[in-house]
Amino acid sequence: MNHSAMLIDLLTGLSRRARLVGFVRGAVTVAVVALVAVELAWALRWPLGLIGLATAAVGLGVSAWRAHHQMPSPAQVARRADTTLHLKDLLITAYERRNATDTVSRAVVASAHAAVSSASASAIYPFEGPRAIRLLAIGTGLAQVVVLMLVWQAPDAGAPLNTLAALSLPGGGNDAGSPAAIASTPKAVGGSSAGGSPASNEVRASATRPASAMPADAKTTVDASGGNDAAATADNLSGRSPRDAVTGAMRESLAARDAEQLRQATQNARTPQTQGRVPIAMRGLVERYFASLHAFRERQR
Amino acid sequence: MSDITTVETRAASFRSAFQHVRSEVQRVFVGHDALVEQALIAFFCGGHTLIEGAPGLGKTLLVRTIAQALQLSYSRVQCTPDLLPGDVTGTNILSDSAPGARAFTFHPGPIFANVVLADEINRATPRTQSAFLEAMQEQHVTVFGVTHPVQPPFSVFATQNPIEMEGTYPLPEAQLDRFFFKLQMPAPTTDELAEIVTRTTGAPTPVPAAGMDAAAVAAMTTLIREIPIADDVLRVALRLVRATHPDADEAPLRVRQYARYGASPRAAQALVLGAKAHALLRSRLHVSRDDIRSVASSALRHRVLLNFQAEMDHVSADALVADVLETVTDQTYG
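Protein sequence lines correspond, in order, to chains B and W.
Per numbering that gives the first Met the number 0, the very first residue in the first sequence carries number 0; after that it's consecutive.
Per numbering that gives the first Met the number 0, the very first residue in the second sequence carries number 0; after that it's consecutive.
Simulated from the structure, these hints should not be mistaken for laboratory data.
None of these values were measured; they are calculated from a predicted model.
You may find that some hints are simply not true.
[Claimed, not checked] Computed list of lysine to aspartate or glutamate pairs in EDC-like fashion (alpha-carbon distance at most 20 Å, straight line): (1) Lys87/B / Asp317/W; (2) Lys87/B / Asp289/W; (3) Lys87/B / Asp230/W; (4) Lys87/B / Glu225/W; (5) Lys87/B / Glu325/W; (6) Lys87/B / Asp176/W.
Using the sequences provided together with the hints, build the complete structure.
Now the structure itself:
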């Protein structure tokens, strides 16, 4: 086999490696995206997580398609190798003159073959990307893994966020307008809170109950809040509907109570999350993480 | 011995011979290593060189030393306003051809030498300057209807002084384009000046040892032309040439603003041939982009014609060529 054929073989081999490197890099990127997407899907139950998962799936498909169909040509490989190995256009010259019969061209081809043979394929097509991208990917991946591990290792995994989600104010979420469902299936609304505390369920039941939809419970609620009978009577005498008077007072009472209960529920929700196997040093981080998730969700509303 | 080994031996011989000539020149001529190398590249490529510099910098000495080191025939033409074309090309002289018979015989002028120095060429009239044209481009001279070929290798080294413009006739564009390279000789550094004074005020100046003949030069020229160049690299050279044209897409802003005409196809030829020789000197049998860039200024600076605005703003052709190199490099290496 002459130098020309051997050179082409080497370039073809490098081309295959380029294809593999492209696929691996794409897969790593997809893995990071998928990790984030899984976390979002689990933590927020939000469409963004599904979009992220879909994006990751599409990315994996694109990466696989590119690896299969878009193999770089030998000329492109030669240019790349010239640049990375500092061969000063030796390979591209040799590739273009591979079929020439003059002695100088043959000498160039032989020289190029020797240069590529002695070079490492990983120097031309390394699996690792540029340093900045590499560090970013590793950092992102590690951060996501750590967070997921912390969350999954927690004894009451899943409860806090469900609790927080259930604390939405009337009219703010889908669950808010369905008190019947809440009343009939409180555990179902609690979601995956298998180990959820009673306090969490209690808060959820009263906070998600809209004032306008609960006349039958108004008396009980007002009584429980310390009594507003005088105000209700005054309203009744002034011609206003007793129901409206009770509702207005109840709204104020509920608003104040909701704020307090929200604070307590958040505190209660964080407590099991940051106990158990979660390292003490990470508690602050985890707390801030879930608080920011909650704030983000509230902003979305 | 295989063919490849033969080529490598020829390349090694090229470098050795070139290095010998350069070292012999540097025994006499102090400093300006890059300029010496480019002058020799132009010579071995079969081109002509225009050297521009202030008086007293050693332009004439450089050319004479190159001729001596090459062991080739050498002639010098001191150009003046009253120099006639016949003084350059030669003329027919009536002489005795046989007992009792007379005939015109051609008496060759100084142009019939391997290395011709046209000293202060811009002092000659355009008519005399044009006497060099045919020889430089066609490698022959026509006198009284008879064509006389010059003997290869043939190279004209012309010098001109950029300071004294009074009584000079700037070279027309057509003639400038005939020069393979235009080299600029700057003033020597302090160290170089000290070496010059030491050498010229002490023992007699050494004479360079001859180490080459016409056949060796021809072999070197042939080898240069055999060096392959990739299409990618060739296109870099072509883009450089195109970028000197004010109406070209590749032209940088200042070229559009200050250039009247860009480089001709001869510039591309000079770029590629010069780059081939440059590659050989760097122990390569192929041309790289770096080789093109190394010779670009010398090949392009005298082929970029400036407009009036450039003279008003004191913008030089070298500055435009630098812009071109920067622009095309960005496009190429990005």
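Hint check results:
1. For the hint pairing Lys87/B with Asp317/W, the CA-to-CA distance comes to about 26 Å; that exceeds 20 Å, so the pair is violated.
2. This hinted pair checks out: Lys87/B and Asp289/W have alpha carbons roughly 8 Å apart, not beyond 20 Å.
3. Distance hint between Lys87/B and Asp230/W is fulfilled; the C-alpha atoms sit about 14 Å from each other, no more than 20 Å.
4. Distance check on the hinted pair: Lys87/B and Glu225/W sit about 18 Å apart at the alpha-carbon level, within 20 Å; holds.
5. With a C-alpha separation of about 19 Å, the suggested pairing of Lys87/B with Glu325/W holds against the 20 Å cut-off.
6. The hinted pair formed by Lys87/B and Asp176/W fails the criterion: a straight-line CA distance of about 30 Å is larger than 20 Å.
When the structure is compared with the earlier hints, violations turn up for hints 1 and 6 and for no others.
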